[in-house]
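Peer 1: Sequence:
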Amino acid sequence: MDFDLIVIGSGPGGYVAAIRASQLGLKTAVVERAETGGICLNWGCIPTKALLKSAQAYQYAKHAADYGIRVEGEVKPDFSAIVARSRGVAETMGKGVQFLLGKYKVETIAGEAFLKPGKVVSVKMNADGTTKEFTAKHIILATGSRSKVLPNLPQDGKKIIGYRQAMTLPERPESMIVVGSGAIGSEFAHFYQSMGTKVTLVEFMPQIVPVEDADSASQLSRSFRKNGMKVLVEASVEKVETEGEKCKVFIKTKKGEEIHECDIVLSAVGVVPNTDNIGLEELGVKTERGKIVTDEFGRTNVEGLYAIGDITPGPALAHVASREAKVCVEKIAGLDPVPVDYANIPGCTYTSPEIASVGLTEKKALEAGFQIKTGRVPFTASGKATAMGSRDGFVKVIFDAATGLLLGCHMTGENVTEMIAEAVMVRQQKITAHDIMHAVHPHPTLSESFLEAVEAAYGECVHC
394 MDFDLIVIGS
404 GPGGYVAAIR
414 ASQLGLKTAV
424 VERAETGGIC
434 LNWGCIPTKA
444 LLKSAQAYQY
454 AKHAADYGIR
464 VEGEVKPDFS
474 AIVARSRGVA
484 ETMGKGVQFL
494 LGKYKVETIA
504 GEAFLKPGKV
514 VSVKMNADGT
524 TKEFTAKHII
534 LATGSRSKVL
544 PNLPQDGKKI
554 IGYRQAMTLP
564 ERPESMIVVG
574 SGAIGSEFAH
584 FYQSMGTKVT
594 LVEFMPQIVP
604 VEDADSASQL
614 SRSFRKNGMK
624 VLVEASVEKV
634 ETEGEKCKVF
644 IKTKKGEEIH
654 ECDIVLSAVG
664 VVPNTDNIGL
674 EELGVKTERG
684 KIVTDEFGRT
694 NVEGLYAIGD
704 ITPGPALAHV
714 ASREAKVCVE
724 KIAGLDPVPV
734 DYANIPGCTY
744 TSPEIASVGL
754 TEKKALEAGF
764 QIKTGRVPFT
774 ASGKATAMGS
784 RDGFVKVIFD
794 AATGLLLGCH
804 MTGENVTEMI
814 AEAVMVRQQK
824 ITAHDIMHAV
834 HPHPTLSESF
844 LEAVEAAYGE
854 CVHC
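Residue numbering for the sequence shown follows my numbering, beginning at 394 and increasing consecutively.
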């Protein structure tokens with residue numbers, strides 16, 4: 394065999410798998426057909442956060458007077474410079490991953506991979522188009538996902554676009570309709586609204602950010618509307634006409650059909666796994682609904698073949714892929730890793746206000762039959778949030794009344810994505826509500842609102 398392990402894909406699942414394998418002494422290669430770091434680093438998580446940071450800086454500058462700062466003249470965003478900065482951030486992080494792969498002596502093969510029987514990976518090389526074959530004792534598929542295309546929203550890359558084009562538009566559109574209000578749709582809706590684009594957000598479900606707790610969805614919806622965004626729920630885009638100068642968008646609502654015009658339609662209705670044209674059928678790899686079926690260690694039904702990340706049934710999140718990568722590789726190396734706890738995965742949406750959550754929503758906790766205690770503390774009661782000028786939001790906790798264990802935590806507000814890890818650890822270590830209340834939290838911080846929400850659940854909160 395040429396290698397102990399070949400990893401196909403270099404995103405947050407693939408490159409983590411390759412580096413961890415090398416750390417454990419496995420001779421490893423990673424095959425990548427595009428940019429090192431995959432979609433997350435180059436066209437997803439990282440560059441979008443750079444765009445959102447620019448939006449935040451612009452809003453701070455516009456409202457500098459609220460903080461006692463005088464700004465002479467009109468504050469304007471330089472859209473092309475904002476996009477260029479975002480691309481620069483992605484490039485910097487990509488070089489970092491390339492450095493790490495080199496540091497750990499992972500061989501990088503640039504090309505498009507195809508699986509063959511006998512643990513063979515055939516690669517069409519990017520450099521010259523020739524085909525080379527490599528063998529390995531173990532092969533991990535980490536090929537990620539791409540933007541989902543609906544039949545009534547065919548993406549042309551110009552008037553109807555996906556998230557990739559949304560990051561590099563040559564100029565800011567005057568108007569945009571965003572279809573889908575998950576993390577991707579809501580973040581882009583917030584970014585473009587902050588830049589001055591007139592945005593309409595369309596969601597098929599009864600609330601935006603449908604996987605989140607109803608309180609979080611309501612808070613974000615209020616904030617969006619307060620900033621001038623039009624939000625339509627229980628609505629669907631039936632068709633888009635792009636022949637004229639503007640897009641004509643036909644939207645079905647509870648009140649009937651509405652026709653809206655805009656410059657750009659952004660389709661953010663989800664992603665599909667990259668499982669086509671890589672040889673799964675030839676090897677007889679078991680799939681369900683387009684995703685590869687694996688066990689708790691990433692093993693497929695084909696001996697020596699593994700899958701992690703967006704191409705498997707778990708949540709399509711970068712941090713999930715990274716954890717799955719370590720579990721999978723450590724099992725290959727003969728260690729005894731702890732499988733991923735999919736019930737304790739944090740989710741983050743980087744809008745303004747941000748949303749962060751883990752565990753059950755209040756509705757799901759009640760549907761599961763739990764007797765619950767809930768606590769909710771608004772950031773209007775937080776001295777730190779008030780000093781920051783960011784009082785929109787809250788921390789909400791849901792406990793099992795019988796055991797005092799945390800069933801779910803839902804946060805909405807400035808920087809809450811940096812706070813949710815505490816709730817994840819509380820759930821993982823089965824720390825009770827009373828244990829949390831005995832842990833002193835620093836003041837003034839946003840994090841003390843988590844403590845106070847726990848106190849509120851048990852009738853002990855002083856500030857709420």
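Be aware that one or more of the hints could be misleading.
[Stated by the list, open to error] Cβ-Cβ distance ranges computed for the label pairs, FRET-style:
| id | residue 1 | residue 2 | range |
| --- | --- | --- | --- |
| 1 | GLU484 | GLN449 | 39 to 45 angstroms |
| 2 | ALA736 | GLU681 | 51 to 57 angstroms |
| 3 | GLU681 | LYS488 | 44 to 50 angstroms |
[Unchecked claim] With a cut-off of at most 25 angstroms between alpha-carbon atoms, the simulated SDA-like pairs for lysine to any residue come out as follows:
| id | residue 1 | residue 2 |
| --- | --- | --- |
| 4 | LYS446 | VAL482 |
| 5 | LYS647 | ASN620 |
| 6 | LYS684 | LYS648 |
| 7 | LYS823 | THR773 |
| 8 | LYS684 | VAL542 |
| 9 | LYS757 | ARG615 |
| 10 | LYS446 | LYS420 |
I should point out that these hints are in silico values taken from the structure, not numbers from a laboratory.
All residues carry an ideal CB built from backbone N, CA and C; glycine is no exception.
Peer 1: Run through the hints listed earlier and report the numbers of any the structure violates, in increasing order.
Peer 2: The structure breaks hints 1, 2, 3, 6, 7 and 10; every other hint is satisfied.
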